[in-house]
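Number of protein chains: 2
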Amino acid sequence: MDINKTTIENLKKGESFVDEPGLDEILKGSIEHNKIEFVTDTDYLVKNVDMMLVCVPTPITKDMAPDYSYISDVANKVGKNLRKGQIFVMESSVSPTTIETIIIPILEKVSNLKCNSDFGVCSAPERADPGKIVQNFDTVNRVVGGMDKDVTKLVADVYRAVTKATVMEVSSAGTANAIKLTENIFRDVNIALMNEFSVLYERLGIDTKEVIKGAATKYNFIAHYPGPGVGGPCLPANPYYIIDAASKVNYIPFLIRVAREVNDRMPLHVRDLVIQAYNHVGLALKGSSICVLGVSYKANVRDIQISPALKVIDFLKEMNQTIKIFDPYYAGEPIKDIVVGKTLEESVEGCDGIIVLTDHKEFYDIDFQKFVDKKKNLVLIDSRNIYEPAKLPKGLVYVGVGRPLKTIE
Amino acid sequence: MDINKTTIENLKKGESFVDEPGLDEILKGSIEHNKIEFVTDTDYLVKNVDMMLVCVPTPITKDMAPDYSYISDVANKVGKNLRKGQIFVMESSVSPTTIETIIIPILEKVSNLKCNSDFGVCSAPERADPGKIVQNFDTVNRVVGGMDKDVTKLVADVYRAVTKATVMEVSSAGTANAIKLTENIFRDVNIALMNEFSVLYERLGIDTKEVIKGAATKYNFIAHYPGPGVGGPCLPANPYYIIDAASKVNYIPFLIRVAREVNDRMPLHVRDLVIQAYNHVGLALKGSSICVLGVSYKANVRDIQISPALKVIDFLKEMNQTIKIFDPYYAGEPIKDIVVGKTLEESVEGCDGIIVLTDHKEFYDIDFQKFVDKKKNLVLIDSRNIYEPAKLPKGLVYVGVGRPLKTIE
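Residue numbers (the working numbering), protein chains in the order written: chain A, 1 to 409; chain B, 1 to 409.
These aren't lab readings, by the way, just hints derived from the structure by calculation.
Note that CB positions come from ideal geometry on N, CA and C, so glycine has one too.
Any given hint could be a false lead.
[Unchecked claim] Only some residues are given here: those of chain B computed to face chain A with a beta carbon under 8 Å:
no.	residue
1	Ile87
2	Gly174
3	Ala246
4	Ile335
5	Ile338
6	Val339
7	Leu405
8	Ile408
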């Protein structure tokens, strides 16, 4: 069930709106064997199922507060036809208090039924890694926590019936949501830590990528990597759900707040690296040109939600730099009114420099020699540190995030 | 070589001043086979070796600045007799800039020789986990970075000759030191993150230990645990070495700074938990009594350096609570003028509550039933979350760090 009619029409034809390897096969198989129904009508859906898995966006507003409009909306729509014995399962990432303070009150009010005695509510937060969702389905363990032990057990058993991964039952819906946010904030904070080290190590002349490689030889270190910022639907939004829940009990999670700030400032730091590198060859941003490689928020996917690349592009535009873009996942389509080049060569042509903003697999083997041959003092800003400076052609002016500026010799 | 004569005299007798399982056997074997010499005279040492491994303390001063006095001292003493071809290897944790800004200038000035052309300097930061140093010697990989590639290779080969672990050569001494600080600060920041979550989850009625257990079922999460603060010779000091090095290039690593602050505030939070729990049973701290279990900074070692337990004891003393202490590693010896009880029973006797500050293995199997039988409303503050509340006796008032207060039912 989705409220978007085009999405549903396409799904009926076996065409998914997300680009996940393996998904189309599953979709087509389900349609062929008549195992799936696609609907746009919530009333029809609620009347015809015993259990609902709710997967709605939980983004943030422009002023960085949780946007609960999607979940309020779904609770209102479901509540209308909710009947005894039904189970509402939340897959979306919400705060540890959202189920009890927003979802259940709406469901109870609209349905005139009582949670636990009449219907069940449970959290089973998704742990999807976009681009690998199908591949990970049987390997990434799940966590399930309901408002009631029996509901938890029942929902966990449903998940166990479809995944080979371990399904852990936890003591409450709030605990399940706390687990989801804790693990994502763990990532956000550790990326922020590496970003913070990067800015310092650039100034100390140390290569952060080498530092992380060295630290990762220790048994209790897990590598996270610096970059142009953190994007996508989860990491830049999740921390604000905890920050909001904390503010309601008069608590400011300073560390989480600062980590978010560190990551949010990275696009500006990347602009600074562009300025440094262009300045090194005697160019101002105004009047010079740059080719952006990659706009997606992460490698090998076509998704630009909260992508740091968009912020970097804005910052460079503000300084009146001429921008060209190449991203194989968007070839030919405009991003911020810039038509994305169809080939790498056409996009780099005539540019004073190149900036890598997404580490798509297609970028790893670029032959920079031919570009250096055509353009003296070509600049390469490697915001994802995907290249080994020692293997780059002589004469290229190179800088990475956490890697000091140098002319390749 | 050590400047402490008693240490050296005891070592000659085969008695080590540190309590590391397996170390005494190695020491005695070396003495027996005449493979080791113990000296107190630096001049004699420097005149008679080709390579020195320097392991001096790198603590912080009372105002939280790096205390470089030990390394300056050793550089001055070594410099006096330094000769061509010798190699100075730093095992202590220093900042990425310390070798070049402090050690080499002193060595060069005092010896009138030049680094690289005359003598070698290299960093090979220790990665010791106290209590497991011998056990880990062949399994924890090492990182070696010198001021010169040949020195790096030579020193790495010396380490390879004695350890089965992998020895990685990195591009500079500063990089090796950056790796050491990065991995320790990674731990400090992640413990701080779990401490920050703990204080929030207590207020939200969520058990942080369950949250961490749940999050650890995800493939890219690595568990760190909340507690009464972070102690020992490394984690509370290392971040200030980076903060100091950063301040010299006009950079404030806010995230690292805030993480340190979060951890440093935990002893005060633990005092707050004591106040909450005692208040719950109608007691003020003044006039009531508590038994502290554990004073070491970590489990199963006899080391109270910067132990958070000492701070908690100070805070409780300030509020005029009567304190008894039990720590099997200190039985009978005074800590902060309090004689440590010889047995658990004698120490708990007459106390209104018990607070666990170190997770020594001896504390896991304590039978609380007998204490609850003797004392109504007995309070247990479990700052290391080593107990399962469900398995504790009825009537005990329990609170942990990140675990809401409850009376066991």
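Results for each hint:
With a cut of 8 Å, the hint placing B:Ile87 at the interface with chain A is violated, because the nearest CB-to-CB distance is about 20 Å. For the restraint placing B:Gly174 at the interface with chain A, the shortest Cβ-Cβ distance is roughly 6 Å, inside the 8 Å limit, so the hint holds. Because the smallest distance between the Cβ of B:Ala246 and any Cβ of chain A comes to about 5 Å, under 8 Å, the interface hint for this residue holds. Annotation: B:Ile335 was flagged as interfacial toward chain A, and the flag is violated, the nearest CB pair being 29 Å apart, outside 8 Å.
The restraint placing B:Ile338 at the interface with chain A is violated, with a minimum CB-CB distance near 34 Å, outside the 8 Å limit. At about 37 Å, the closest approach between the beta carbon of B:Val339 and any beta carbon in chain A exceeds 8 Å, and the interface hint on this residue is violated. For B:Leu405, the interface hint is violated, since its Cβ never comes within 8 Å of a Cβ in chain A; the closest pair sits about 15 Å apart. With 8 Å as the threshold, the beta carbon of B:Ile408 stays out of range of chain A, its nearest partner Cβ sitting at about 16 Å, so the hint is violated.
Checked against the numbered hints above, the structure violates hints 1, 4, 5, 6, 7 and 8; every other hint is satisfied.
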